[in-house]
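2 protein chains.
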Amino acid sequence: MQRAAAIIGSAIFLVIAPGTLAVYVPWYLTHWHFAPPLFPIARVLGAADVVVHDHLVAPEILARLPRRATRIYAGKQRGRHTMTQGEINRLLVSLARQGKRIVRLKGGDPFIFGRGGEEALALARAGIAFEVIPGITAATGVAAAAGIPLTHRALAEACVLVTGSRRKGDADLDWEGLARPGQTIVVYMGLAGLERVSRELIAHGLSPRTPAAIIQQGTTASQRIVAGTLAGLPRLAAQAHLRAPTLIVIGRVVRLRRVLGGFMRSLPARPALDRARGTAQRVR
Amino acid sequence: MQRAAAIIGSAIFLVIAPGTLAVYVPWYLTHWHFAPPLFPIARVLGAADVVVHDHLVAPEILARLPRRATRIYAGKQRGRHTMTQGEINRLLVSLARQGKRIVRLKGGDPFIFGRGGEEALALARAGIAFEVIPGITAATGVAAAAGIPLTHRALAEACVLVTGSRRKGDADLDWEGLARPGQTIVVYMGLAGLERVSRELIAHGLSPRTPAAIIQQGTTASQRIVAGTLAGLPRLAAQAHLRAPTLIVIGRVVRLRRVLGGFMRSLPARPALDRARGTAQRVR
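So the sequence lines, in the order shown, correspond to chains A and B. Numbering of the first sequence is given in the working numbering, commencing with residue 329 and proceeding in unit increments. Numbering of the second sequence is given in the working numbering, commencing with residue 329 and proceeding in unit increments.
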């Protein structure tokens with residue numbers, strides 16, 4: 329399944345080589361500033377000479393690209409990176425210097441664990457202008473499709489977003505900070521580290537009975553939700569043979585999906601595990 | 329200025345009375361699941377009998393509503409609430425029971441400090457089915473337009489979202505948790521409490537020199553950014569006579585906009601204060 333994050337919104341970098349800015353500005357400003365939900369993204373895509381895209385971009389979006397546009401796949405899946413981040417940065421700079429109109433197409437939002445800041449910085453340092461169209465980040469889109477409001481009065485007054493995808497040299501997650509009560513925790517790309525997330529949060533004071541859910545391929549027709557307690561979730565996820573991409577949501581708001589899930593019509597019905605209810609249930 | 333949050337994406341609740349679901353499902357599933365960035369929101373709006381909308385919805389979006397649709401304004405501005413949340417909840421239930429096709433149109437994302445969970449819960453408890461289309465929440469959209477990536481390797485490995493808008497009986501913010509290093513803090517609706525936010529975070533250990541910015545009417549043509557340090561921001565914001573709606577971003581990532589801001593072409597140039605640079609600068 330290629331399209332989970334893209335389904336919830338694709339972020340687009342418009343990378344504009346110096347001197348070509350005027351080509352874009354008139355219609356871009358008109359449409360983006362005054363009505364983004366109606367924003368004709370097809371027109372942005374249609375203007376591309378080159379599209380550099382990631383793993384989580386829906387084929388339906390790629391299908392809208394003009395035939396003449398060169399497509400470059402720069403996807404990074406766990407253990408299968410086509411390019412390093414440095415190579416992607418250099419590619420964007422190099423293409424822009426050739427005067428190409430580039431669309432950098434990413435799943436989700438480029439500035440929330442999307443490394444969009446690093447790419448933007450590389451462009452800025454090379455003196456290349458660009459535009460950023462924010463996307464719907466997985467936390468928002470996937471949780472909504474799962475019937476979980478990330479904030480809710482009296483249940484969660486804050487929401488913290490972290491990534492479970494770590495590289496060598498990264499600082500460890502601030503377990504003590506994450507384990508503070510009253511906030512919803514969203515872990516991006518956390519499947520591989522789920523057992524550790526559960527263990528550390530409990531060790532740092534979060535109740536083992538805190539409601540928690542892991543959602544695979546959220547917002548797609550292949551969405552699967554496994555819900556239970558913080559202590560029990562790793563075992564349930566293993567039993568369900570979940571695969572990336574996933575999103576983990578931890579906190580009392582997870583309980584709301586038991587009420588909301590049955591009335592949401594956002595997704596086609598599909599069976600999933602929900603041990604908190606004691607039975608498999610259909611996901612809406 | 330009425331349209332800040334709407335400009336960054338409007339969330340739509342499709343509230344569907346029991347029995348009318350079939351009207352929506354076919355095209356809804358087709359378009360939403362397979363290509364949301366191309367999703368013809370105009371068609372959703374076009375199907376509405378009644379639209380219940382908030383303050384932060386762009387007039388350009390309201391202009392797309394069919395003439396026959398009844399519009400109900402349920403906006404809440406500081407100190408000027410047309411309806412209480414309970415009244416809004418009851419209104420939605422009552423309209424759905426009359427068999428109306430309702431679009432509940434909110435600025436931003438309904439499940440991030442949008443009280444969408446409360447409305448959805450009221451509907452679910454009344455046995456009314458609905459759909460939720462996630463929006464782009466202010467943190468993502470406004471920060472991106474301001475040239476601030478909310479996460480960035482080595483600068484911020486986590487991002488916490490809180491609201492400065494409190495009501496009687498709400499727990500105080502978890503200042504100790506917010507003041508932990510290594511995360512970006514985003515405060516929604518924080519202008520009135522900015523002085524307190526600054527004081528409490530410093531009292532709880534955050535460096536007074538932590539970069540911080542407050543953005544008024546982010547993503548609109550009237551966007552204004554005031555940037556400085558956590559300690560100095562309240563005075564700068566007062567000098568600039570900022571008005572709601574605003575978004576506050578605190579953390580080392582704020583520094584990136586000094587590099588990125590000059591190369592972003594997301595907004596028309598407009599002067600704003602940036603004391604960190606020592607001079608007024610143009611916002612891109």
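Mixed in with the good hints there might be a few duds.
What the hints assert, rightly or not - If the Cβ cut is set under 10 Å, some of the chain A residues that face chain B in the computed set are:
| id | residue |
| --- | --- |
| 1 | M411 |
| 2 | Q413 |
| 3 | G414 |
| 4 | R418 |
| 5 | L419 |
| 6 | D437 |
| 7 | I440 |
| 8 | A457 |
| 9 | E459 |
| 10 | V460 |
| 11 | T465 |
| 12 | Q511 |
| 13 | I530 |
Unchecked claim - Take a look, some chain A residues computed to stay more than 12 Å from chain B by CB distance:
| id | residue |
| --- | --- |
| 14 | R443 |
| 15 | R494 |
| 16 | E504 |
| 17 | G505 |
| 18 | T557 |
As the list claims (entries may be wrong) - Under 7 Å between C-beta atoms, here's a sample of chain B residues computed to sit facing chain A:
| id | residue |
| --- | --- |
| 19 | Y401 |
| 20 | G444 |
| 21 | A452 |
| 22 | I464 |
| 23 | T465 |
| 24 | H480 |
Derived from the structure by calculation, the hints contain no laboratory data. Small disclaimer: the values here were computed from a predicted structure and weren't measured. Just so it is clear, CB atoms sit at the ideal spot from N, CA and C, and this is done for glycine as well.
Now for the hints, and whether the structure bears them out:
1. M411: violated, 16 Å
2. Q413: At 9 Å from the nearest chain B Cβ, Q413(A) passes the 10 Å test, so the hint holds.
3. G414: With Cβ-Cβ at 12 Å, over 10 Å, it is violated.
4. R418: It is violated, given that the least Cβ distance between R418(A) and chain B is near 17 Å, above 10 Å.
5. L419: Check failed: Cβ of L419(A) comes no nearer than 18 Å to chain B, outside 10 Å.
6. D437: With a minimum Cβ separation of about 5 Å from chain B (threshold 10 Å), the hint on D437(A) holds.
7. I440: With a minimum Cβ separation of about 6 Å from chain B (threshold 10 Å), the hint on I440(A) holds.
8. A457: The hint holds - A457(A) has a Cβ within 10 Å of chain B, the shortest such distance being about 5 Å.
9. E459: holds, 5 Å
10. V460: OK, holds: V460(A) within 10 Å of chain B, min 5 Å.
11. T465: With a minimum Cβ separation of about 6 Å from chain B (threshold 10 Å), the hint on T465(A) holds.
12. Q511: This interface hint holds because 7 Å falls under the 10 Å limit.
13. I530: Violated, because the Cβ-Cβ distance from I530(A) to chain B comes to roughly 17 Å (cut-off 10 Å).
14. R443: R443(A) is in fact no farther than 12 Å from some Cβ atom of chain B, at 7 Å.
15. R494: Since the minimum Cβ distance to chain B is about 9 Å, R494(A) lies within 12 Å and the statement is violated.
16. E504: Label violated. Min Cβ-Cβ 8 Å, cutoff 12 Å.
17. G505: Not fine: 4 Å to the nearest Cβ puts G505(A) too close to chain B.
18. T557: holds, 21 Å
19. Y401: Check failed: Cβ of Y401(B) comes no nearer than 19 Å to chain A, outside 7 Å.
20. G444: holds, 6 Å
21. A452: holds, 4 Å
22. I464: Interface hint status for I464(B): holds (5 Å vs cutoff 7 Å).
23. T465: Check passed: Cβ of T465(B) comes within 6 Å of chain A, closer than 7 Å.
24. H480: holds, 4 Å
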